[in-house]
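Protein chains in written order, with the numbering used here: chain R, 1 to 206; chain A, 1 to 206.
The hints are simulated quantities; they were obtained by calculation from the structure and are not laboratory data.
Wrong hints could be hidden among the right ones.
[As the list claims (entries may be wrong)] No farther apart than 27 angstroms at their CA atoms in a straight line, the calculated lysine-lysine pairs in the DSS-like style are these:
no., chain 1, residue 1, chain 2, residue 2
1, A, Lys34, A, Lys156
2, A, Lys34, A, Lys177
3, A, Lys20, A, Lys203
4, R, Lys129, A, Lys34
5, R, Lys37, R, Lys181
6, A, Lys20, R, Lys181
7, A, Lys34, A, Lys20
8, R, Lys37, A, Lys20
9, A, Lys156, A, Lys177
10, A, Lys205, R, Lys181
11, R, Lys181, A, Lys203
12, A, Lys205, A, Lys20
[Claimed, not checked] A short list of chain A residues far from chain R (calculated; beta carbon distances all over 12 angstroms):
no., residue
13, Arg6
14, Arg10
15, Thr46
16, Phe47
17, Phe59
18, Arg121
19, Ile125
20, Leu132
21, Met136
22, Phe147
Just so you know, these numbers come straight off a predicted model, no measurement behind them.
All C-beta atoms in this analysis are idealised placements derived from N, C-alpha and C, irrespective of residue type, glycine included.
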Amino acid sequence: MEDLTRLGLLLIGAALVNNIILVRFIGLCPFFGVSSKVDTSIGMSAAVIFVMTMATAISWVVFRALLVPLGLADFLYIVTFILVIASLVQLVEIVIRKVSPALFRAMGIFLPLITTNCAVLAAATESVKPGFFRMAIAYNYTFIEAIAYSIGIALGFSFVIISFASMRERLETAPIPESFKGAPIAFVTAALYSLAFVGFTGLFNI
Amino acid sequence: MERFLRDLVRGIFEQNALTKSLIGLCSVLAVSTKMENGIMLGIAATFVLVFSEIIISLFRKWIPSQIRIPIFIVVIASFVTVVDLTMQAFSPEMYRTLGIWIPLIVVNCMILGRVEVFASREPVIYSIADALGTGMGYTLVLVIMGFVRELLGTGKLVAFGANLIVLPPAFQAEAPKIFIMFPGAFLTFAFLIVLSNYLLALKEKR
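Modelling step: build the complete structure from the supplied sequences, incorporating the hints.
Here is the structure:
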């Protein structure tokens, strides 16, 4: 039971309290890049949830089963993880194209972009080095915890990007000063949106 | 020589990766709570940028174009590992503050973008100019953001142990803390883009 509570806390903590976009600023490029339409942001979210969970699972196994026993963990983890993510994205793209052309049309164009989505690399890194999160404690996530953590991050990402897209659709018809048009007003909106997330800080720590 | 200077200056102002192309934002918004963090991350990213561009520009004629992206990423990741280990060894405190942002230099789209657009086509000497210019432009934005946020959010400016500016205690007690929290990052950046767009528009008019 206690384990379940812990997993739940980890999930909510990663999704809301430490929301990856608005609180920690990871993954801003897709956030501002594909958030002008609700449809595209849903496609991107689906792709991110899928790839992020798989990438974290594989990276965790590779780190524990390969890098640590061989003593390479300290200096090869960055290169390894980015290669895992890049090849995973390629693989997923090929499989989806064969298995479900409809799904491929929906999220196909977002898949290559995910390789340089820092959120995916951050999720993979933090699942094996939670120390980045809170340096004070030396703690290793178990496999299940790592998965819960990455799903939490991906859900938080999707929630914010989809709701932000619907805000931006309304902004297009709003009267905005000339020099604020486009990117600046999106940032101001993001600032106001992230104010809401200040309310979550200190809710609990993980 | 003239072209060297032109390539150098272009990256700092008119083609600034952050305010003009809006790439590589994540680290800037996250790290700019203090000015000294910004300076350190700026140096780290410039180092990676310069050496990646040198290596890729040197080998540009031998890199097959079908697999160029994985090659670029591996080169960048190697230099990021160098920074990661060096900073861990010589400045553990700064390493702890910057945390996940050091490994995330790999997926900074600014670096991959410059390597793809510039270094893979141009001679080494101009690639160095481009890398230095882009890196300085990035550092400049980091320093401005850090300056504004630290000064307004805490009422004083401390860099590398020295008090640079101290505002009156009355201001410090009532300092708008929102600037060092995450909404402040979006807000400061929004106004920075507005300012830079405005100045560039003025220059064009003249």
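Please verify that the nearest CB of chain R lies beyond 12 angstroms from Leu132(A)'s CB. 23 angstroms, holds
When you check the alpha-carbon spacing of Lys181(R) and Lys203(A), does it fall within 27 angstroms? At roughly 19 angstroms apart (the allowed maximum being 27 angstroms), Lys203(A) and Lys181(R) satisfy the hint.
Given the hint that Lys205(A) pairs with Lys20(A), does the C-alpha gap stay at or below 27 angstroms? 18 angstroms, holds
Agreement of Lys34(A) and Lys20(A) with the hint, judged by alpha carbon distance not exceeding 27 angstroms: Between Lys34(A) and Lys20(A) the Cα gap is close to 23 angstroms, so the pair holds against 27 angstroms.
Is the Cα-Cα distance between Lys205(A) and Lys181(R) 27 angstroms or less? Given pair Lys205(A), Lys181(R) holds - Cα atoms ~19 angstroms apart, limit 27 angstroms.
Hint check: Lys34(A) vs Lys156(A), CA-CA at most 27 angstroms. Holds or violated? At roughly 10 angstroms apart (the allowed maximum being 27 angstroms), Lys156(A) and Lys34(A) satisfy the hint.
Please confirm whether Phe147(A) is truly not at the interface, meaning its C-beta sits more than 12 angstroms away from all C-beta atoms of chain R. Consistent with the label, Phe147(A) stays out of reach of chain R, its closest Cβ about 18 angstroms off (over 12 angstroms).
Would you check the hint for Lys37(R) and Lys20(A), treating anything up to 27 angstroms between C-alpha atoms as holding? Holds, at about 22 angstroms.
Quick check for students: does the CB of Arg10(A) sit more than 12 angstroms from each CB in chain R? The assertion about Arg10(A) holds, with a minimum of 20 angstroms to chain R.
Lys129(R) and Lys34(A): Cα distance at most 27 angstroms? 24 angstroms, holds
Checking a non-interface call: every C-beta of chain R should be farther than 12 angstroms from the C-beta of Thr46(A). Is that right? Nearest chain R Cβ is 18 angstroms from Thr46(A), so the label holds.
Is the hinted pair Lys156(A) and Lys177(A) satisfied, with a Cα-Cα distance of at most 27 angstroms? 12 angstroms, holds
Against the hints set out earlier in the document, no violation occurs for any number.
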